[in-house]
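Enquirer: From first to last, the protein sequence lines are chains A and B. FYI, the numbering for the first sequence is 560 to 860, going by the numbering used here. FYI, the numbering for the second sequence is 512 to 794, going by the numbering used here.
Keep in mind that a hint or two might mislead.
Below 27 Å or equal to it, Euclidean Cα-Cα: the simulated DSS-like pairs (lysine-lysine) are [unchecked claim]: (1) K800(A) / K728(B); (2) K602(A) / K755(B); (3) K725(B) / K633(B); (4) K648(B) / K707(A); (5) K707(A) / K755(B); (6) K728(B) / K625(B); (7) K725(B) / K631(A); (8) K803(A) / K643(B); (9) K760(B) / K674(B); (10) K686(B) / K707(A); (11) K625(B) / K631(A); (12) K633(B) / K631(A).
Chain A residues, not near chain B, derived (Cβ > 10 Å throughout) [said to hold, decoys possible]: (13) K602; (14) I725; (15) G754.
These are calculated hints, taken from the structure and not from any lab test. Every residue, glycine too, gets a C-beta built ideally from N, C-alpha and C.
The residues making up each chain are set out below.
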Amino acid sequence: MNHQKIKFGQEFKNEYFGRYITYLCGGIIILLTAAILFFLTVKGSSLFLSDKYSISSFLFSSNWNPELEESKGGPQFGTLIFIVGSTLASIGAVLFSAPVAISLAIFIVVISPKLGTRLLQPAMELFVGIPSVVYGWIGITLLVPIIKSFSSLGFSLLSGMIVLSIMILPTITSIAIDSIKNVPKEHLEASYGLGATRFQTILHIILPTSFTGILTGIILGLARAFGEALAVQMVIGNSIKFPKGPLDTTTTITSILTMDMANTVFGTPWNNAMWSLALLLLILSFSFILLIRYIGSKKQL
Amino acid sequence: MKVISITSFLIFSIFGLSLCKGADKPQNSITIAGSTAMQPLVQEAAKVYMTKNAGTTINVQGGGSGTGLTQVASGSIDIGNSDLFAEEKLKDQAKGLKDYKICAVGFGIVVNPKVTVTDLSKEQIVGIFTGKVTNWKDVGGNDMPIVVINRPKSSGTRATFQKKALEGASEVEGKSLTEDSSGAVKKIIETTDGSIGYLSSGYLNEAANTSGLKVIKFNGIEMNKENIANGSYIIASYEHMYTKGEPNKLSKAFIDFMLSEDVKPIIQKLGYIPIAEMKVDLR
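Start from the sequences and build out the full structure, keeping to the hints where you can.
Expert: The structure is reproduced here in structure tokens:
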């Protein structure tokens with residue numbers, strides 16, 4: 560009797576307790592995600608449902624004028640400028656970052672694993688821990704004056720791209736490292752056995768084999784660049800217009816969100832437009848994740 | 512085991528927090544939120560109040576004027592701080608809110624020290640901020656392009672500046688840089704040649720704060736306490752505290768304290784003008 564009791568107690572401790580805690584945590588995570596999705600969808604769609612603003616002018620118009628009086632055509636919430644700004648900044652960041660990240664990954668895995676794993680990889684990991692406000696601050700104090708020396712302002716799309724490219728570098732690099740490490744050793748040996756040089760092996764064996772993995776890293780980097788708010792906002796200038804070139808100022812979805820969210824009144828069309836922008840960001844990042852899943856499933860075939 | 516205890520602690524604390532919100536607030540605690548411009552002042556006053564009245568808790572949060580007004584109108588906080596009159600932000604929802612003017616604040620027109628201009632008329636300011644004047648030489652200065660540094664459209668500071676200095680003329684969007692805090696505006700004006708912006712007197716109260724900046728006259732009048740108090744310097748507004756209907760006991764006591772002689776030195780130190788010293792109505 561007594562013996563069994565202890566056994567049950569132990570069993571409870573060893574088996575059920577841990578299991579239920581895990582279930583509970585899993586449940587909470589699912590609930591949280593669903594709640595966020597639900598809340599954002601409800602809030603984000605009220606601009607279109609209750610304020611009757613058309614989705615096409617929200618997405619494809621560049622007329623952002625939330626204060627315009629009813630008599631002069633009502634408030635306008637065309638967000639094309641923000642969408643274009645975010646897209647350009649993120650794609651620019653990836654263009655700067657991806658070549659460096661891929662080269663770094665190749666160096667770390669293939670060329671000098673010793674130096675790579677001892678020095679470069681920890682350095683990369685350090686990058687991840689730097690808060691974005693620090694990136695932004697460094698951007699303002701170092702990068703902006705440098706760019707100012709050859710353009711009029713310094714605050715520019717280019718500054719935003721460069722700051723973002725440094726921020727997403729570790730993401731792309733670490734995923735590229737993993738996928739390059741996964742290239743079967745036999746392939747490399749076969750390549751060397753045929754008399755290929757190291758460069759030829761990298762170019763014709765390693766890069767094509769790890770291509771999908773690297774692509775996943777690039778999309779993750781793109782997603783991170785899209786969602787990054789503070790650092791970009793600090794250096795991009797935040798002027799609500801299309802940039803005339805990389806040295807011109809513009810703004811992004813996240814910038815307008817951080818600047819106007821707290822000061823607009825809950826329930827007003829202006830505030831609802833902010834929520835719609837947040838929903839748009841969520842939809843974009845979800846589609847990035849779906850894209851990664853799709854690429855991942857192709858890889859397995 | 513450690514992991515489990517940490518997780519369960521987290522879960523319970525989440526539940527605990529949600530329970531707290533549902534429970535009735537104890538009488539000896541109030542929450543204040545809103546204007547980030549007012550936050551330092553209210554925080555400092557709350558600290559003094561709490562040491563004088565042991566057992567009371569006054570939570571002071573930021574969030575922006577919009578947040579403060581919305582939350583006080585919905586009853587989720589006790590006092591909402593705002594840089595603007597509630598009617599300007601909330602329209603109909605402002606009914607039933609009680610306005611307490613705590614102090615007045617001036618807004619200085621600030622330029623980069625390389626700009627030689629020391630005084631701008633209202634017409635010139637309107638020209639600059641609407642994008643019609645783009646070089647300092649057109650307003651009597653040196654040959655240098657003008658860079659306008661603005662605050663976001665939803666900012667209370669920008670709303671006041673637009674109403675008082677620009678007489679409602681709306682700035683041309685896209686010609687100016689926008690920064691979401693006065694601190695960032697200050698930093699950029701210091702480092703950008705030919706830049707112009709506006710900062711509240713809370714940011715211009717000490718010599719250390721104005722180094723690297725040049726505060727210029729508006730219509731020939733300098734921004735200082737006397738000129739704001741007697742109404743000759745017009746770019747100024749009130750800092751408000753709003754309650755929903757009649758304030759509860761502690762809220763009332765704290766608002767009275769904010770208006771008392773005890774807080775006056777704090778108000779002055781932070782660059783504001785106590786409401787008792789205002790000789791004109793700013794509206």
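Enquirer: Confirm or reject each hint.
Expert: Hint-by-hint comparison with the structure:
1. K800(A) / K728(B): Status violated; Cα separation ~31 Å.
2. K602(A) / K755(B): holds, 25 Å
3. K725(B) / K633(B): Given pair K725(B), K633(B) holds - Cα atoms ~18 Å apart, limit 27 Å.
4. K648(B) / K707(A): holds, 22 Å
5. K707(A) / K755(B): violated, 50 Å
6. K728(B) / K625(B): holds, 16 Å
7. K725(B) / K631(A): violated, 38 Å
8. K803(A) / K643(B): Roughly 20 Å separates the two Cα atoms, so the pair holds.
9. K760(B) / K674(B): violated, 35 Å
10. K686(B) / K707(A): holds, 17 Å
11. K625(B) / K631(A): The given pair, whose Cα atoms are some 40 Å apart, is violated under the 27 Å limit.
12. K633(B) / K631(A): This hinted pair holds, its Cα atoms lying about 25 Å apart.
13. K602: Non-interface label stands for K602(A): nearest chain B Cβ at 14 Å, farther than 10 Å.
14. I725: holds, 20 Å
15. G754: Check passes; 53 Å lies beyond 10 Å.
When held up to the earlier numbered hints, the structure conflicts with 1, 5, 7, 9, 11 and fits the remainder.
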